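Undergrad: Sequence:
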Amino acid sequence: MKRTFLAIFLSIIFAMVAVACHGSDEKEIGYTELPVQAQQFVKQYFPAATYSRVEKEKDNGKWEYEATLNDGTKIDFNNKGEWKSVDCKFSALPSGIIPDVIAADIAQRYPSQQPYKIEKEIGHGAKDHPHAQTVFRDEREVPRLPALFPAGGLL
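Residue numbers for the sequence shown follow our numbering, so the first one is 4 and each next one is one higher.
Read the hints as simulated data drawn from the structure, not as lab findings.
Check before you lean on any hint, since a few could be wrong.
[Said to hold, decoys possible] No farther apart than 25 Å at their CA atoms in a straight line, the calculated lysine to any residue pairs in the SDA-like style are these:
| # | residue 1 | residue 2 |
| --- | --- | --- |
| 1 | 77 | 93 |
| 2 | 30 | 7 |
| 3 | 83 | 28 |
| 4 | 61 | 29 |
| 5 | 123 | 48 |
| 6 | 87 | 6 |
| 7 | 65 | 54 |
| 8 | 59 | 96 |
| 9 | 61 | 90 |
| 10 | 61 | 120 |
| 11 | 87 | 117 |
| 12 | 120 | 39 |
| 13 | 123 | 28 |
| 14 | 83 | 72 |
| 15 | 123 | 88 |
| 16 | 77 | 42 |
| 17 | 59 | 117 |
| 18 | 83 | 36 |
Since this is a predicted model, take the numbers as computed values, not measurements.
Work the whole structure out from these sequences, hints included.
TA: Structure representation (structure tokens):
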């Protein structure tokens, strides 16, 4: 009886592992497989960087990409190659990534801080993100939200 139960149990576990591994929609790819627009973005804003890892992942039926550069920067791109988020981790964001209106507002309100991370949110209005210091709806409208910064600087 114990052997039959153990055999059935192990068969179920094996089947679950096999299905989980087979159904993965995430894979590592070469940087040349990134959409051209994504490659151009990296070349423009991170000309000295090289790719450490590039992943392709299916999200809501569409392919998305995550590129990790040799300096630790992580960039997420949508299926068209448009950036969704940039996280420089160890350095400030290169100038030009942040829209001018938003960069000017940050420089005015926080002159001693340098932003190192930016994310685009899709949808209507601003969302209060638990780690966000300042949220901008778009380039034309800049809400004045309270800001709390970690010791490392702006997000």
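Undergrad: Next step is simple, just say for each hint if it's right about the structure.
TA: How the hints compare with the structure:
no., hint, verdict
1, 77 / 93, "holds, 11 Å"
2, 30 / 7, "violated, 37 Å"
3, 83 / 28, "holds, 18 Å"
4, 61 / 29, "holds, 7 Å"
5, 123 / 48, "holds, 17 Å"
6, 87 / 6, "violated, 52 Å"
7, 65 / 54, "holds, 23 Å"
8, 59 / 96, "holds, 24 Å"
9, 61 / 90, "holds, 21 Å"
10, 61 / 120, "holds, 23 Å"
11, 87 / 117, "holds, 20 Å"
12, 120 / 39, "holds, 23 Å"
13, 123 / 28, "holds, 23 Å"
14, 83 / 72, "holds, 20 Å"
15, 123 / 88, "holds, 6 Å"
16, 77 / 42, "holds, 14 Å"
17, 59 / 117, "violated, 30 Å"
18, 83 / 36, "holds, 12 Å"
Figure legend: structure checked against the earlier numbered hints; hints not met, in rising order: 2, 6 and 17.
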